[in-house]
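Novice: Chain residues, written in single-letter form:
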Amino acid sequence: MSIVAKVIAQSDMSDRFLSSAELTQLQDFFNKGGVRISAAQKLAANEQKIVDQGSKQFWSQCSNTPSNSGDSQKTALCQRDQGWYIRLVSYCVLAGNSKPLEDIGLDGMRDMYTSLQVPLANLKLAMRCLKSVAMGLLTSEEAALAGPYFDQLIRAF
Amino acid sequence: MQDTITSLINPADEKGQYLEGNRLDQLKKYFQTGNLRVNAANKIGSSAASIISQTVEKSLLYGDITLPGGNMYPTRRYAACLRDLTYFLRYATYAMLAADTSILDERVLNGLNDTYSSLGVPIEPIIQALQAMKEVVTQRVGTEAGQEMDVYLDHIINGLK
Chain A
1 MSIVAKVIAQ SDMSDRFLSS AELTQLQDFF NKGGVRISAA QKLAANEQKI
51 VDQGSKQFWS QCSNTPSNSG DSQKTALCQR DQGWYIRLVS YCVLAGNSKP
101 LEDIGLDGMR DMYTSLQVPL ANLKLAMRCL KSVAMGLLTS EEAALAGPYF
151 DQLIRAF
Chain B
158 MQDTITSLIN PADEKGQYLE GNRLDQLKKY FQTGNLRVNA ANKIGSSAAS
208 IISQTVEKSL LYGDITLPGG NMYPTRRYAA CLRDLTYFLR YATYAMLAAD
258 TSILDERVLN GLNDTYSSLG VPIEPIIQAL QAMKEVVTQR VGTEAGQEMD
308 VYLDHIINGL K
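Protein chains in written order, with my numbering: chain A, 1 to 157; chain B, 158 to 318.
The set of hints was computed from the structure by calculation and includes no laboratory data.
Nothing here was measured: the structure is a model prediction, and the numbers come from that model.
Please note: incorrect hints may appear among the correct ones.
What follows is a set of in silico ranges between Cβ atoms, one per label pair, in the way DEER data are often shown [said to hold, decoys possible]:
no. : chain 1 : residue 1 : chain 2 : residue 2 : range
1   : A       : 154       : B       : 275       : 48 to 58 Å
2   : B       : 177       : A       : 155       : 22 to 32 Å
3   : A       : 117       : B       : 301       : 52 to 62 Å
4   : A       : 15        : B       : 179       : 34 to 44 Å
Using N, Cα and C, we set each Cβ at its ideal position, and we do this for glycine too.
Throw the hints in and build the complete structure from the sequences for me.
Specialist: Dropping the structure here:
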């Protein structure tokens, strides 16, 4: 769900047209449309780089972790998931809403990683490292849009 | 409901892809029309009652439908007609903001024909009123936004036919 769908659903619930606060919210969202697009494009173009550099940072702080166990299959799987989270953050930036991250990547996430025996605390650190690399590649305006979704991701772990 | 953003993201996610190429271009276009949509929604929302009055005046008020034996007589039925026209205007405005017709299908058109036929409400005058609403809305919001609203009011008209 996007911010547009969200305010419409909100208005519909109370049988009214959009309030002026909601209209202002949408205006702010659309006014940053160009920045949203460029932020999403940069995340897409740099996914591999963010994952590679993020992993290095992560392993330097936490060497005893499945992705650094020497099992290349595990490493690939962990890094694939990290890439997915970057993609979900890019969706959120475009949607102006954290629902894509929540619905696709957070609902059930703890159960999944617990069952896979990947320590959540390690993942939290890994996500922090992804954020720090990603923030360095974005302009301050782009980072201001993407940062909160990375933060939500980190908090979720 | 779907909106144009979600309807672009969902199929990309199904394939594990970022929004790129054609999909991203579509989203860019939508973002570029954002202010037009918000301004139109603002104008329509703040003058909905007067849009409806003018719509009725243009289409139904002077016809037999408001006389005894007509479907907008007595006042209770007149008010019900105003209420329904206001629903149409509100949902068309939502759909215009979202640039997506799914909310009309889900919340307005689903079962509407059956409801109207079971209540004995004739469809033709509603369509006349919706045609008039298109003109009134365009007068209020200008040609460009008016064309955008036409898409969604026409979607209701076609759904009623």
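Novice: What hint numbers does the structure not satisfy?
Specialist: Those not satisfied: there are none.
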